[in-house]
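Number of protein chains: 2
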Amino acid sequence: MTEEKRKFRVEVCFSPDEFDLYKQEYSVVVAIDVLRATTAICTAFEHGAEKVIPVSTIEEAREYKDQGYMAGAERLGKIVDGFEFGNSPYSYMGDAVKNKTLVLTTTNGTRAINIAAETHKVIVGSLINLDAVIDYLIEQPDDVLLLASGWQGKFNLEDSICAGAITEALLASGKYMSDEDSTIASMFLYKEAKVSYFGFLKASSHRRRLRNLNLNEDIKYCLTPNQTRVIPVYRDGALVKM
Amino acid sequence: MTEEKRKFRVEVCFSPDEFDLYKQEYSVVVAIDVLRATTAICTAFEHGAEKVIPVSTIEEAREYKDQGYMAGAERLGKIVDGFEFGNSPYSYMGDAVKNKTLVLTTTNGTRAINIAAETHKVIVGSLINLDAVIDYLIEQPDDVLLLASGWQGKFNLEDSICAGAITEALLASGKYMSDEDSTIASMFLYKEAKVSYFGFLKASSHRRRLRNLNLNEDIKYCLTPNQTRVIPVYRDGALVKM
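Residue numbers (numbering that gives the first Met the number 0), protein chains in the order written: chain A, 0 to 241; chain B, 0 to 241.
Hints are supplied without guarantee of correctness; some may be wrong.
Since the list can't tell identical chains apart, any single copy or any two copies may satisfy a pair.
[To be verified] With a cut-off of at most 30 angstroms between alpha-carbon atoms, the simulated DSSO-like pairs for lysine-lysine come out as follows:
| no. | residue 1 | residue 2 |
| --- | --- | --- |
| 1 | K201 | K6 |
| 2 | K6 | K77 |
| 3 | K120 | K193 |
| 4 | K64 | K120 |
| 5 | K4 | K201 |
| 6 | K201 | K174 |
| 7 | K219 | K4 |
| 8 | K50 | K6 |
| 9 | K190 | K201 |
| 10 | K6 | K22 |
| 11 | K120 | K174 |
| 12 | K99 | K64 |
| 13 | K4 | K99 |
Derived from the structure by calculation, the hints contain no laboratory data. Being a predicted model, the structure only gives us computed values, none of them experimental.
Excised from the complex, chain A in its bound form (with noise of 0.2 angstroms):
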């Protein structure tokens, strides 16, 4: 008689708003939010830094700054009154960032970190560490939420594609099953998406939002899959290099 080994679990949540119906059910959640916030933390580590603090709202960022900490704020696309930077990846590249410990608050990103932080294991995905982060849960199966950090509570393209471009991944492994109609409309988005991530998401209403802030560069930055290997982990209130 043969024991079928027991497939781990990926899915896709769209929205940190809908965590509570799917929370139960997984070990480890995988916060992504390419444009911008999650790939500006992996860009922060891929440059050196330290730690990066992700906190829900101004004011913390700001009694962190106030101490001397190199804050980052954004809302809505833009930064923060008061603050250097905001959630563009190349604020984050250099000796600036170099053995630092950063903060960083934005609209959706830090705010779907944390969420999932209070019960969960956190890494953060994005288009740049993109086969890192399948090569991690392929390696290391467990059940896995891919948390998409949508736009302020509603589903959101970009992140949504990188969600199924893992999931597509994991499924070909073998070692994974989904269940969820989530997914599944993920890996079609996925799909259609592929040939050109620039062309497809210019339909995006989020990309249209930054373009009018004339972000086009950071947007090429951040649908550039595999500019590096980092997965940022949380552990003890801080993201730190896996």
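Mind docking chain B on chain A? Use the hints.
Same frame as chain A, but now just chain B:
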């Protein structure tokens, strides 16, 4: 100087749980529960029902039943104990429903109708009255939210695909625009699905759920577009034929 006509807006909300995030900007809500509540409701009107009272709880449905109403109650795909009907469209055909006032409570669909009816004009959409709904909205354009009933608060494929079909037709009319990523995603999913709803939805978790309950005939009926021209509309606590 030519004056450009304002376009009306059509967007998709994936679940009644997200209705609060969307509801402010729309005048009309189309409640959609393809498998099977809104399909059953359209079927009842096609077969001459006079009214359908959608209620949110089993207790309310039971009270109506005790008063002699024909009352259906479904939870998780099954007929609730003590009721003769659930939400199978085949229960709402023929003389049984003619000129009757019916009462219905279901897991997802009647909930979506009632949540939206608190604040909005609500009409009932499904695949079986697809073109009727499209024609009506093109004829009397307005800011329209397509409210998918989802599955226990979560995204589902079949309602999103139906919403994508409506959206595509409304945008093609030139009278409508859309802006949300959920709407773009719905149209992509519809594009994938339209060759064969039945084939596409093999993967749907809800279809699998119903298949396990031997409801393949129901599913085929629910996924066959344009079997009726009726459009149920909510007025004074009940749905009536428009």
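Now for the hints, and whether the structure bears them out:
Taking identical chains as interchangeable, the C-alpha atoms of K201 and K6 lie at most 30 angstroms apart only when they sit on different chains, with a minimum of 21 angstroms there against 36 angstroms within one chain. When the C-alpha separation of K6 and K77 is checked against a cutoff of 30 angstroms, the pair qualifies only between copies, where the shortest distance is 29 angstroms, while the shortest distance within a copy is 42 angstroms. Taking the shortest alpha-carbon separations for K120 and K193, only the intra-copy value of 28 angstroms comes in at or below 30 angstroms, while the best inter-copy value is 39 angstroms. Only within a single protomer do K64 and K120 lie at most 30 angstroms apart by alpha-carbon distance; the minimum there is 27 angstroms, versus 49 angstroms between protomers.
In the homo-oligomer, the alpha carbons of K4 and K201 lie at most 30 angstroms apart only across protomers (25 angstroms), although the nearest pairing inside one protomer, at 42 angstroms, exceeds that limit. When the C-alpha separation of K201 and K174 is checked against a cutoff of 30 angstroms, the pair qualifies only between copies, where the shortest distance is 22 angstroms, while the shortest distance within a copy is 34 angstroms. Proximity of K219 to K4 under the C-alpha cut-off of 30 angstroms is found in neither arrangement, the shortest distances being 41 angstroms within a copy and 34 angstroms between copies. Taking the closest pair of Cα atoms, K50 and K6 never come within 30 angstroms of each other, the shortest separation being 34 angstroms inside a single copy and 48 angstroms across copies.
When the C-alpha separation of K190 and K201 is checked against a cutoff of 30 angstroms, the pair qualifies both within a copy, at 16 angstroms, and between copies, at 18 angstroms. Taking the closest pair of Cα atoms, K6 and K22 come within 30 angstroms of each other only inside a single copy of the chain (18 angstroms); across copies the shortest separation is 40 angstroms, beyond that limit. Proximity of K120 and K174 under a CA criterion of 30 angstroms is satisfied intra-copy only: 20 angstroms inside one chain copy versus 47 angstroms between copies. Within a single copy, K99 and K64 get their C-alpha atoms as close as 13 angstroms, which meets the 30 angstroms cut-off; across copies the closest is 68 angstroms, which misses it.
Taking the shortest alpha-carbon separations for K4 and K99, neither the intra-copy value of 43 angstroms nor the inter-copy value of 54 angstroms comes in at or below 30 angstroms.
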